[in-house]
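Visitor: Construct all of the structure, not just a fragment, from the sequences and the given hints.
Taken in order, these protein sequences are the chains called A and B. The first sequence: position 141 = 141 (this note's numbering), numbered continuously. Each number in this note's numbering comes from the position in the second sequence (counting from 1) with 1000 added on.
It should be emphasised that the hints constitute simulated quantities derived from the structure, not laboratory data. Mixed in with the good hints, there may be bad ones.
[Unchecked claim] Simulated pairs of lysine-lysine, DSS-like, Cα-Cα distance not exceeding 25 Å:
#1 B:K1050 with A:K265
#2 A:K147 with B:K1076
#3 B:K1111 with A:K125
#4 B:K1050 with A:K125
#5 B:K1111 with B:K1076
#6 A:K125 with B:K1016
#7 B:K1076 with A:K134
#8 B:K1070 with B:K1111
#9 B:K1125 with B:K1070
#10 B:K1091 with B:K1016
#11 A:K260 with A:K193
#12 B:K1016 with A:K134
#13 A:K125 with B:K1076
#14 A:K134 with B:K1050
[To be verified] Per the computed footprint, the stretches of chain A lying under chain B, defined by three or more beta-carbons under 8 Å from a beta-carbon of chain B, are:
#15 121-129
#16 256-263
[Said to hold, decoys possible] Label pairs and their computed distance ranges (CB to CB):
#17 B:E1019 with A:V252: 38 to 48 Å
#18 A:F131 with B:E1131: 53 to 63 Å
#19 A:S122 with B:K1050: 32 to 42 Å
#20 B:R1053 with A:R209: 49 to 59 Å
#21 B:V1102 with A:V118: 18 to 28 Å
#22 A:S212 with B:G1010: 19 to 29 Å
#23 B:E1096 with A:V118: 27 to 37 Å
#24 B:E1069 with A:T110: 46 to 56 Å
#25 B:G1114 with A:F131: 47 to 57 Å
The C-beta atom is built at its ideal place from N, Cα and C for all residues, glycine as well.
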Amino acid sequence: MDVVDELLRIIMMPPLLQVVVTSAVVLGVTYILMKVLHLNNPRVRSFYFCLALMMPIVMYVLFTPSVWITRLMVERGFAPFPDVPSIDFVRVVEVNYVGVVCIIGLIFGTVTFLISNVFSISIVKRLQGVFEVKADEEPSLYGIVEKVAKKMGVTTPRIGLTEHLQPNAFTIGRGRNAMVVFTMGILNTLDVKELEAVAAHELAHIKNRDFSIMAVVTALKLVFFYNPVSYLAASMVSREREYLADEVGAKVMSRTRQLKSALIKISSVKTDQRSNFITAWTTSLFVYSQITSLKAAFTAHPNLDTRLRHIGGNTNSRGDTAKTVVVALLLGSTLFLAGGYISQPMRLVDQILFRVDESFGLRLMRFPDRGGHLEGAVTGVPRVVPPIEDMMAYKGKSIPSP
Amino acid sequence: MSNDSYSPSGYKPDAKDLEAILGPLEADVLSEVYEMGKPVRVREVFEKMKSERKIAYTTVMSTMNTLYEKGILDRKVTEGRGGLLYVYWPKMSRPEIERSAVKHIMDSLVKNFGEAVTSYLVEMKTMESNEKKA
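Guide: Structure representation (structure tokens):
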């Protein structure tokens, strides 16, 4: 029960609640300003949710624990304030459960990010039974994709097929390595023009570099796997990238009507999808661009009605970049304002973040001014740095030559 | 013996084997399915045919679909890697399908040209017995 007690203690501490409230206020105010200032489109919103996902890091950077800075100063022998009592650290060998949880998240995120960048295509091919077809093996489908790629200004991707009955299409990998996969279900369900519209949607994902964006977002989601907000933010980023791909794809190929009819046809086909949970979950880690429309909450794809309303919207990538910068500035300035108003409680945040983010299984604690060992500390463990008064630089003495 | 039957929509006198009662691609796909001797996925037939000739997956897929619609192949939904897919198998054995096709063609010939067919069959039988005697 130690773990549960420790986590409950951390959760119930006022500073943590303040961090949560600050984040919520900052994100809320920024979102309202986005709406008021008409900065509200899928590309901008997807970056807004990326920033929301990175909120814990932003909070940490902005409110860096002062103890950490002091420690760096001491270790480097730089002491700008000689009157300040020296600070020393001991290692206290005691498991910090929060630190362990953070480390697990970090490992999960990093491993998933590396795997998705190196092995995602081969993993998805194996899990989903995807087989690659060359241009001369599937000339009509390749012709459709090539035509769309030329119009969109991207390299024609590799083409994969699966025998699944569920109409679906998705993209895996990035750049020249990218592969667009069509299921047998979608080839049977859609006509040529609708397939063109679907191909345009998938190629828009490649053009918008959604694989790279979503690989980072998924990794961050796993890093902060203990934070429910990260799941929501990650799924919102994915939805916004879907809207964007719908808009860009339909606009480039002038196939707005066909994309709409394709989505309606796809969503009307009901096959009993009984795929293995592990397979489905693993696939979701590496496939971010399935055309299928799902209605359940927390899924990466928006529901059909909302999606149909978005198709035909106007996007302008140059204008969107400027808008995204404005949103980032809004978010940052709101954060500083919020931080300024509650700066006093934020000092407490130092302590909790210090423990949560830096100790990683080891606690760093302030050494008592009067000297001696800290109560509860394991003695005999070497100190990280010598006491400050022993340092040559601090004493102003020249370092004797050997 | 199966109760299924196949009535071909046409008969091509100059064609060989199953091609006489089916399209050339349909005959090839059906021969492959018979050769494999087990319920097969479209991909398995495609991989086998690909090694012998230039063919698209979608072509094999639509041909097998046509054979299913004609009642020659049967299919069921099964769980494959990552999702549900079809497996196909022949409804009738090769001799059964040939016999069924011949029956329908002969029935039609007898119905339309009854006397001619009867006299031709008698003539054939007579020639056969003369050959045996000789």
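Visitor: Starting from the hint list further up, note which numbers the structure goes against and sort them upward.
Guide: 1, 2, 3, 5, 6, 7, 9, 12, 16, 19, 20, 21, 22, 23
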